[in-house]
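Trainee: Sequence:
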Amino acid sequence: MKEFDAIIIGFGKGGKTLATELAQHDWKVAMIERSDKMYGGTCINIGCIPTKALIHQAELATLKKGLSFEERKADYRKAIAFKNNVTDKLRQKNYDNLAGNPNITVYTGEGQFVSPEIVRVTTKEETFELTAKHIFINTGAEAVIPPISGIQDNPKVFTSTTIMELEELPRQLIIVGGGYIGLEFASMYASFGAEVTVLEGFSALIPREDRDIAANVQEVLEKKGIRFILNANVQSVTNGEKEATLTYKDTASGELNTLQADAILLATGRKPNTESLNLKAAGVEVNERGAIIVDEYLKTTTPHIRAIGDVKGGLQFTYISLDDSRIVRDALNSGPRTTANRGAVPYSVFIDPPFSRVGLSEEEARRAGYAVKIAKIPATAIPKAQVLRKTDGLLKAVIDAKTDQILGAHFFCEESHEMINLIKLAMDANLPYTVLRDNIYTHPTMSEGLNDLFAAGVNV
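Position one of the sequence shown corresponds to residue 92 (the numbering used here), numbered consecutively onward.
Hint data in this document are derived by calculation from the structure and do not stem from the laboratory. Keep in mind that a hint or two might mislead.
Heads up, simulated BS3-like pairs for lysine-lysine below, C-alpha to C-alpha not over 27 angstroms straight-line [stated by the list, open to error]: (1) K93 - K390; (2) K180 - K224; (3) K390 - K224; (4) K315 - K143; (5) K143 - K169; (6) K169 - K119; (7) K340 - K314.
Computed spacing ranges between beta-carbons, pair by pair [unchecked claim]: (8) K93 - G460: 29 to 39 angstroms; (9) T329 - P535: 46 to 56 angstroms; (10) S159 - L347: 33 to 43 angstroms; (11) R302 - D117: 48 to 58 angstroms; (12) P427 - P394: 11 to 21 angstroms.
Ideal Cβ positions, reconstructed from N, Cα and C, are used throughout, including at glycine.
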């Protein structure tokens with residue numbers, strides 16, 4: 092039995108940051124990662140970094156006019172090679188950063204609880220047990236595979252992970268799921284030159300967003316050639332010699348319809364990766380979605396075991412996992428940080444242009460009983476958007492009419508992923524919207540659009 096001060100299961104953002112932090116305080120740390128392709132976690136290997144690398148290459152591809160599909164396929168192969176090179180380097184760097192620390196031991200194998208204090212590790216060569224006073228679960232999430240006939244082990248059916256291993260650009264791509272992941276891949280593959288159809292089971296796209304924002308997103312993506320089919324319940328997938336045939340039911344009319352494509356992407360959500368951990372042996376409970384139940388200090392139902400990152404459910408972002416590591420650090424040192432006081436969490440969807448949001452939607456604010464003012468301008472009103480020739484989109488802010496504080500913001504415009512961070516800071520600092528309205532910004536920038544946006548507040 093090998094003893095450590097801490098065991099961390101999962102080499103994700105929160106886990107690796109916590110491992111380094113603890114090692115700096117002379118803790119002996121065991122880092123367990125089941126795959127040598129996942130050093131550094133989801134973000135680096137199959138999430139943020141590879142998708143954004145491809146999205147950037149796709150944006151560059153749109154600048155090339157008049158290319159044949161064969162030429163676009165060649166560009167796509169180069170983009171995949173570029174993505175692989177980036178992720179390979181980052182994966183190795185992450186491994187070296189931890190494995191090179193004398194206080195950290197990296198085990199590549201499957202971690203599974205034997206008891207609340209003992210974790211069994213199974214590598215390719217051996218099986219052994221570790222014990223520690225503190226154990227942290229950071230195993231992330233995995234793609235949800237819906238029970239659709241014909242998709243299991245189908246070479247034409249992909250998840251958001253496996254499609255990035257595809258080296259040939261599909262001429263026709265069907266995406267099952269019109270959520271944020273589905274829209275991001277739809278925008279990217281359309282930019283590369285694929286014909287993209289998105290099937291959404293609900294009657295509206297991105298239902299948690301306000302309808303004016305969702306409608307604008309759909310309109311702009313349709314201008315890119317993306318086709319949306321709503322109320323589509325997928326029934327089955329069958330393979331032909333060259334193409335797959337997907338059958339779906341229109342839940343509004345009851346009709347059955349078929350589509351053909353070279354590839355089908357399942358963008359049907361992600362679920363916490365807990366099945367192989369044997370959590371029952373540790374006394375760690377999960378909710379109905381399989382997410383580990385934690386308190387505001389990230390303690391599980393077995394207090395010396397904490398869960399960080401996607402495995403505990405909620406917002407699945409690498410920066411949440413990072414902040415979770417800060418919460419654990421503070422908890423171990425009687426600090427103030429908890430999940431209850433981290434403030435509003437922004438997010439971005441890297442379609443073209445990107446969509447970013449923080450805080451409440453207009454509908455949510457009204458439902459919560461706020462009297463609100465709405466500020467709204469089209470992206471084309473911002474001079475920098477004209478300079479960039481990126482004039483599609485809409486900017487919207489929801490303001491508390493009584494306090495003038497910002498309740499939420501929704502930016503569908505170029506560089507929104509940078510702008511939204513200013514709103515996050517203002518909200519956390521409880522600043523009135525007038526501070527952003529009257530601030531001096533450099534010119535020409537997208538951020539100076541906040542002058543005009545917040546000057547457009549009206550009572551509604």
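Trainee: Each of the hints needs a verdict: does it hold here or not?
Mentor: Here's how the hints hold up against the structure:
1. Annotation: proposed proximity of K93 to K390 holds, straight-line Cα distance about 24 angstroms (limit 27 angstroms).
2. The suggested pairing of K180 with K224 is violated, with an alpha-carbon distance near 34 angstroms, which exceeds 27 angstroms.
3. With a C-alpha separation of about 13 angstroms, the suggested pairing of K390 with K224 holds against the 27 angstroms cut-off.
4. Distance hint between K315 and K143 is fulfilled; the C-alpha atoms sit about 19 angstroms from each other, no more than 27 angstroms.
5. For the hint pairing K143 with K169, the CA-to-CA distance comes to about 15 angstroms; that is within 27 angstroms, so the pair holds.
6. The hinted pair formed by K169 and K119 fails the criterion: a straight-line CA distance of about 42 angstroms is larger than 27 angstroms.
7. With a C-alpha separation of about 26 angstroms, the suggested pairing of K340 with K314 holds against the 27 angstroms cut-off.
8. Under the hint 29 to 39 angstroms, the C-beta atoms of K93 and G460, about 55 angstroms apart, miss the expected range.
9. One distance hint, 46 to 56 angstroms for the beta-carbon pair T329 and P535, holds here, with the actual separation near 53 angstroms.
10. A C-beta distance of roughly 35 angstroms is found between S159 and L347, which places it inside the suggested range of 33 to 43 angstroms.
11. For the hinted restraint 48 to 58 angstroms between R302 and D117, the CB-CB distance of approximately 55 angstroms keeps it satisfied.
12. Between P427 and P394 the C-beta distance comes to about 19 angstroms, which sits within the given range of 11 to 21 angstroms.
In the structure shown, a violation is registered for the earlier hints numbered 2, 6 and 8, in ascending order.
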